[in-house]
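There are 2 protein chains.
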Amino acid sequence: MGIDECEWCNLTAKDKQWLLYETVFWDIYLADKQDYVGRCILVLKRHCDSFMHLEDDEWQDLKFVIDITEKIMREVLGAELCNWSCLMNDFYKKSNPNPHLHIHMRPRYRKPVQLGQKLFYDSEFGHHYDNQKQVQISAEEMEIVFGKLRAAFDKL
Amino acid sequence: MGIDECEWCNLTAKDKQWLLYETVFWDIYLADKQDYVGRCILVLKRHCDSFMHLEDDEWQDLKFVIDITEKIMREVLGAELCNWSCLMNDFYKKSNPNPHLHIHMRPRYRKPVQLGQKLFYDSEFGHHYDNQKQVQISAEEMEIVFGKLRAAFDKL
Numbered sequence: 091m092g093i094d095e096c097e098w099c100n101l102t103a104k105d106k107q108w109l110l111y112e113t114v115f116w117d118i119y120l121a122d123k124q125d126y127v128g129r130c131i132l133v134l135k136r137h138c139d140s141f142m143h144l145e146d147d148e149w150q151d152l153k154f155v156i157d158i159t160e161k162i163m164r165e166v167l168g169a170e171l172c173n174w175s176c177l178m179n180d181f182y183k184k185s186n187p188n189p190h191l192h193i194h195m196r197p198r199y200r201k202p203v204q205l206g207q208k209l210f211y212d213s214e215f216g217h218h219y220d221n222q223k224q225v226q227i228s229a230e231e232m233e234i235v236f237g238k239l240r241a242a243f244d245k246l
Numbered sequence: 091m092g093i094d095e096c097e098w099c100n101l102t103a104k105d106k107q108w109l110l111y112e113t114v115f116w117d118i119y120l121a122d123k124q125d126y127v128g129r130c131i132l133v134l135k136r137h138c139d140s141f142m143h144l145e146d147d148e149w150q151d152l153k154f155v156i157d158i159t160e161k162i163m164r165e166v167l168g169a170e171l172c173n174w175s176c177l178m179n180d181f182y183k184k185s186n187p188n189p190h191l192h193i194h195m196r197p198r199y200r201k202p203v204q205l206g207q208k209l210f211y212d213s214e215f216g217h218h219y220d221n222q223k224q225v226q227i228s229a230e231e232m233e234i235v236f237g238k239l240r241a242a243f244d245k246l
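Each protein sequence line maps, in turn, to chains S and Z.
Okay, so the first sequence: first residue is 91 according to this note's numbering, each after it adds one.
Okay, so the second sequence: first residue is 91 according to this note's numbering, each after it adds one.
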C-alpha cells in the first residue's frame, strides 16, 4: 500500500481545478462540498498517514498555510473564525487503510455571506458544524467564491 | 476582555485533577466527557484566540504534544487513529467572544476497549465522530483510564 493506491496522491485534472494555492509541502483546495461557504481542504503533497509522521518542515509550513487561509477567509468572506479538523475516518472503512494526511477547514459566519444578490446563513454559528448540512451554493456561485479566494491567494 | 474573564486561564483544582501531562506551553487533560474512551483536550497555557496568533515555539511544542498523545492512545488504549479538531465555537455564542485556544482529541477504535470486564465500542468507527454520543464510562472507569494514561505520560 502506498502512493500508487492513494487517490490523494493521484488527483485528476478535474480535482485540481479547485486548487487555490500551493506551498512547498501543502495544497489548499476549495472543497467540493460547500456546506459552509469557502470550505477548504489542506492536503499534504507527500503520502503520509498522520501528524505523528510529519517532518518538521512540513509542520512549520502547515502553520503558514493555516495562517494565510484563516486570514483570507476573514478578509474575503467575512468569516469570524475557522473550524479546523483532521479526522481521516473514511480511510479506516477498509481493513487495510492507506490514509493520506489532510485537514478540513470550515469558515464560520456570524453574519450571512453575500454572493451577488443571495445571502448564505451559518445557522449553527456558535455551535458545532452540522456534518449533514447540505451544499449551500450553486456551481456558478462556487466559481465566484473560487475566483475571489484565488485572487486573494495570488496577491500573497 | 482577556485573562481575567477567561475560565480556561482560571481552571479550578477540580478541573486540574484530570491533568495528564504538561509541557512548557501546553496542558493535556483527560476530557470530562468520555464519549470516546481516552478523549483529551490540549489547552494552551497562555491566553490566545487562534492558531493564527500562536508563537513559533508554541506551534513546535504542539507537534510534540500531538505526537506523544497519539502514541499513548495507540499503545495504552489500542486506538487505531485519533480525530483532532480545533473548533472554538462555544466562545462565539457571546457577541464579545474571548476565545482560548484548545484542541479536542478523540481516540477512535476498530476493536472495543476493555476496562476491567467491560467492553466499550466505537460503533461509528470509520465515520465522523458522533457529537451527540453519550458518556460511555462510569466515574470509577474514568479513574482507571486516567491512571493508565497518566502512568504512560509519566514514563516519557
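Honestly, the hints are just simulated from the structure, not real lab data.
Just to be clear, a hint being listed does not mean it is correct.
When chains are identical, the list treats them as one kind, so a pair holds in a single copy or across two.
[Stated by the list, open to error] The list that follows gives simulated cross-link-like pairs (lysine-lysine, DSS-like), each with its CA atoms no further than 30 angstroms apart:
(1) Lys201 / Lys104
(2) Lys183 / Lys238
(3) Lys161 / Lys184
(4) Lys161 / Lys201
Here is how each hint holds up against the structure:
When the C-alpha separation of lysine 201 and lysine 104 is checked against a cutoff of 30 angstroms, the pair qualifies neither within a copy, at 32 angstroms, nor between copies, at 37 angstroms. Taking the closest pair of Cα atoms, lysine 183 and lysine 238 come within 30 angstroms of each other only across two copies (28 angstroms); inside a single copy the shortest separation is 36 angstroms, beyond that limit. Taking the closest pair of Cα atoms, lysine 161 and lysine 184 come within 30 angstroms of each other only across two copies (22 angstroms); inside a single copy the shortest separation is 36 angstroms, beyond that limit. For the homomeric pair lysine 161 and lysine 201, the shortest alpha-carbon distance inside one copy (17 angstroms) is at most 30 angstroms, but the shortest distance between copies (40 angstroms) is not.
In summary, the structure is inconsistent with hint 1 from the numbered list given earlier, while agreeing with all the others.
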